[in-house]
Amino acid sequence: MTYPLRVRINGIEYSTTVEAERTLLDLLRRQLGITGPKEGCDDSECGACMVLIDGQQTNACCTLALQADSRDVTTIEGLADDAIGRSIATRMLDEGGVQCGFCTPGIVISATALLSTRPNPSTEEIRTALAGNLCRCTGYQKIVAAVARAAADLATVVQHDESARSGGGNP
Amino acid sequence: MNGRLYVAPATLDEALAAVREHSRDGIVAGGTDAMVNHRSGKRALPDAVVSIHRLRELRNVRVDADGGMHVGALVTHADLAGSSDVLARFTALADASIIVGSPATRAAGTIGGNLVNASPAMDTGSPLLVLGATAELQSYVGIRAVGMAGLWTGPGHSVLNTVELLTAVTIPALPPRSGSAYVRLEYRRAMEIAVVGVASAITLSDDGVVTAASVSLTAVGPTCLLAGDAGRVLVGRRPAGDAIVDACAAAVDAAQPITDNRASATYRRHMVGVMTARAVLAAAGRASGRTVAVPATQHWRDLASIMEVAW
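These protein sequences, in sequence, are chains Y and V.
Residue numbers 1 to 171, in my numbering, belong to the letters of the first sequence in order.
Residue numbers 1 to 311, in my numbering, belong to the letters of the second sequence in order.
Just chain Y, with the same shape it has in the complex:
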């Protein structure tokens, strides 16, 4: 028995049918070929499958695909055009926060969710926001540094925008 599903993924409307128990992760990777989110643990502990649903962090492995009906899903692929996501991804590379890369899509998703609502997080807040994303390679220090540096980059952008708008005052 399958059910119709309409879902917007990275801005593109998809229309398909799925079984009741199909997970969102399975839909993304196997049915739609969107392989950015990874299958790490399959029971929502590692965060490698982290996506955004209507902007909210979600472990796709433990979300029914049908629960995403009529909603907006963002995967790592969808952050390529997002200023926050791009900044985080860039700094992750610069700071050495990527080794094998398996956790990276989930990390960038979680960090993007953080900086979208908390543009100037403390180190503690960064670590808490990433608490559901496990990394076996880096030891987390460089990931945290990368997110902090991205936050600083984005704050500078905001300052420049504001000073440009107010007639080009002293940066």
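Source of the hints: derived by calculation from the structure; they are not laboratory data.
For each residue, glycine too, the CB sits at the ideal point set by N, CA and C.
Among these hints, one or two may not hold up.
Listed next, with one range per pair, are the computed distances between beta-carbon atoms [unchecked claim]: (1) G150/V - T35/Y: 48 to 56 Å; (2) T156/Y - H70/V: 39 to 47 Å; (3) G96/Y - G241/V: 31 to 39 Å.
Where chain Y lies over chain V, by a calculated footprint (3+ residues, C-beta under 8 Å) [stated by the list, open to error]: (4) 4–15; (5) 36–45; (6) 48–60; (7) 153–164; (8) 183–192.
Position chain V relative to chain Y; hints supplied.
Chain V alone, transformed into the frame defined by chain Y:
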């Protein structure tokens, strides 16, 4: 795994009808227990899945005129942790919700799901017990209220019948000069389950004497447990020194820990005493107007230098 049914009711009435037809076994809200159990092989989804995520009317937090709170069943842990009303009036619940799982768990996991899943280690259970909360259960037949202390019958089991849906939790206002707190013994600071948890609610007179107190224990029994004597032994005394020692001893007596892969019964029993002191101190500190930041699990030490304790 062939031919599972899926329904996603759009209104509460539709949901009650769906539960009548398919039973409540297949209810999925945030999925942080049901889906995890399914994927990990612990408990597969049943033949009919009733997804209640569309019931927006169950995701409201309402403060009543008398200061009590009505919390819809689909209110998430993140909602509770971020609610200034919960933080100010029912701080133990904020202490609990902010440390459940991870950010993604808190964003999806609901208070209704947490309650009906009935884990003996659930974080919101003891806070709701010390706060005297009531669960609202609805079915196609009607509506009934069950006091939190009567909601659970054992690990994973509650008094909900097969056609009932938990739709709300109501929490009565606490008297002035009250405070509450929840602390959790944990091996790591995130994605963790309580080894031992203790919640407490304390009311103080103007000169700092306890006029009302309750203590509840988590992960040391088949359900979260109110330790009645631990609360009673504090009344009429200052929340310090021997009174704390007596409360801790009573809590240890009330505990029914088992040995499992997380801890031995002996260790748990000992730590009930330690954690009760922290919970009572934090609750009493908040009752007296002192700040113990949320979560109390991390910030109870703010008080250690102010209050005398012997344990």
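Within 39 to 47 Å or not, the Cβ separation of T156/Y and H70/V?
-> Between T156/Y and H70/V, where Cβ atoms are some 45 Å apart, the hint holds.
Would you say the stretch 36–45 of chain V counts as covered by chain Y, given the rule of at least 3 residues with C-beta under 8 Å?
-> Result for this restraint: holds, n = 5.
The stretch 4–15 of chain V covered by chain Y? Criterion: 3 or more residues, Cβ-Cβ distance below 8 Å.
-> n = 4 at 8 Å, threshold three: holds.
Within the assertion that chain Y covers the stretch 48–60 of chain V, do at least three residues meet a Cβ-to-Cβ distance smaller than 8 Å?
-> Since 3 is at least three, the answer is holds.
Given the range 31 to 39 Å, decide if the beta-carbon distance of G96/Y to G241/V lies inside it.
-> violated (52 Å)
At the C-beta level, are G150/V and T35/Y separated by a distance inside 48 to 56 Å?
-> Cβ of G150/V to Cβ of T35/Y: about 49 Å, so the range 48 to 56 Å holds.
Are there three or more residues in the stretch 183–192 of chain V whose C-beta lies within less than 8 Å of some C-beta in chain Y?
-> As far as the stretch 183–192 of chain V goes, the hint holds, because 3 residues have Cβ atoms under 8 Å from chain Y.
Can you take a look at whether the stretch 153–164 of chain V is actually covered by chain Y? Rule is 3+ residues, C-beta closer than 8 Å.
-> This one is violated; 0 residues, fewer than the three required, reach chain Y with a Cβ under 8 Å.
In summary, the numbered hints that this structure violates are 3, 7.
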